[in-house]
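A.B. asks: Given chain Y, work out where chain A should sit, using these hints.
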Amino acid sequence: MRTIKTTTGAEIPLDGDLLAVLETLYREVTARKALDRSFEEMANEIAHVVDQMTREERDTYLQESLFLNSVTYENERLGSYIRKLAEENI
Amino acid sequence: MKLTIDHVRGIAVVRVAESRLMYPLLADFSAAVVSLVGAGTCNVIVDMAPVVYIDSATVGCLMDLYRQAAAAGGSLKLAGVQKRVQTMLTMTGAHNFIQLCADETTALAGFEA
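Going down the list, the sequences are from chains Y and A.
Using the numbering used here, you'd call the opening residue of the first sequence number -19 and step up by one each time.
Using the numbering used here, you'd call the opening residue of the second sequence number 65 and step up by one each time.
Because the hints were derived from the structure by calculation, they are not lab data.
Even glycine gets a Cβ: it sits at the ideal position worked out from N, Cα and C.
There may be inaccurate statements among the hints.
[To be verified] With a cut-off of at most 30 Å between alpha-carbon atoms, the simulated DSS-like pairs for lysine-lysine come out as follows:
1) A:147 with A:66
2) Y:13 with Y:-15
3) Y:13 with A:147
4) A:147 with Y:-15
[Unchecked claim] Now the in silico label distances, taken between C-beta atoms and shown as ranges:
5) A:95 with Y:13: 40 to 48 Å
6) A:113 with Y:7: 22 to 30 Å
7) A:135 with Y:13: 42 to 50 Å
8) Y:-15 with A:98: 40 to 48 Å
9) A:83 with Y:2: 16 to 24 Å
10) Y:14 with A:98: 42 to 50 Å
11) Y:63 with A:114: 50 to 58 Å
Isolated chain A, as found in the complex:
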């Protein structure tokens, strides 16, 4: 799976570089975020701008990661969510828990407010 991780003022920004985020790719993605939370970086932004489709396993994975970040005293937000991805998140109710931000700047501002 193609992704990069940056740190901005203590917040981890995980940039997903795949157009379809689906089950076979989730292990690497999940491991990356779990590793961040385990190392003490519990405020995480996932930049989803290149992602045009996610499957149900991905929604489940994002909910797991959200719960782990929250349990560690932090939060997980999504940035740059495309329309069909947003549809999957709203259909499953995930948007009631995971904050969807227009872009990385907005997500960062939300953490720093």
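Okay, chain Y solo, but in the shape it has when bound:
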């Protein structure tokens, strides 16, 4: 299993664990700057991480990310629908 590194030297194992990437980005960018980070700093770090991936690895993480976001979107829509029903029944 390959590992890549953030600009701060933290290692990220590329085993398909998307949460590990998010946790590392948070720790090495957001928390390291005591939450006072710019969107550009995070964008640059993400670009640095993605640049180290092979095409196959990028495909894997893109699919995982899309699925995660699609489930999130579905649940958000479902929640909105339930709230709307609850309001109509009041």
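C.D. replies: Relative to the frame of chain Y, chain A by itself:
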């Protein structure tokens, strides 16, 4: 996929014996729960205590199973959810629908209340 199924007072307890519950293993897991619901056992507890990571496909699968159990008049609850698994469930909003219980005893009590 390693899992076992017990029945406690009419409630099915599906015990997952994998540390990483991810896409390739989901077919067996899903089939087991769908089979339970299809056979009329629509109150299901999934004991996730050994699971330290789930991927997005697993969250989607759990939501599918939750909807199927609810459509059959029952419910699906998760027990013993580890911290990183809980993070995946809260990030996706799944925790707003699927009840997360500290352990199997609590989950069972919830069904019987």
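A.B. asks: Each of the hints needs a verdict: does it hold here or not?
C.D. replies: Tested hints:
Distance restraint check for residue 147 of chain A and residue 66 of chain A: the Cα-Cα separation of roughly 21 Å lies within the 30 Å cut-off, and the hinted pair is therefore satisfied. Proximity of residue 13 of chain Y to residue -15 of chain Y is assessed by CA-CA distance (about 18 Å); at most 30 Å being required, the pair is judged to hold. Annotation: proposed proximity of residue 13 of chain Y to residue 147 of chain A holds, straight-line Cα distance about 24 Å (limit 30 Å). For the hint pairing residue 147 of chain A with residue -15 of chain Y, the CA-to-CA distance comes to about 24 Å; that is within 30 Å, so the pair holds.
For the pair residue 95 of chain A and residue 13 of chain Y, the supplied restraint of 40 to 48 Å holds, since their beta-carbon distance comes to about 47 Å. In this structure, residue 113 of chain A and residue 7 of chain Y meet the distance hint of 22 to 30 Å, their C-beta atoms being roughly 26 Å apart. At roughly 47 Å, the beta carbons of residue 135 of chain A and residue 13 of chain Y sit within the given window of 42 to 50 Å. The given range of 40 to 48 Å is respected by residue -15 of chain Y and residue 98 of chain A, whose C-beta atoms sit roughly 42 Å from each other.
The hinted range of 16 to 24 Å is satisfied by residue 83 of chain A and residue 2 of chain Y, whose Cβ atoms lie roughly 20 Å apart. With their beta carbons about 48 Å apart, residue 14 of chain Y and residue 98 of chain A fall inside the hinted range of 42 to 50 Å. For residue 63 of chain Y and residue 114 of chain A, the hinted distance range of 50 to 58 Å is not satisfied, since their beta carbons lie about 35 Å from each other.
Consistency with the previously given hints fails for number 11 only.
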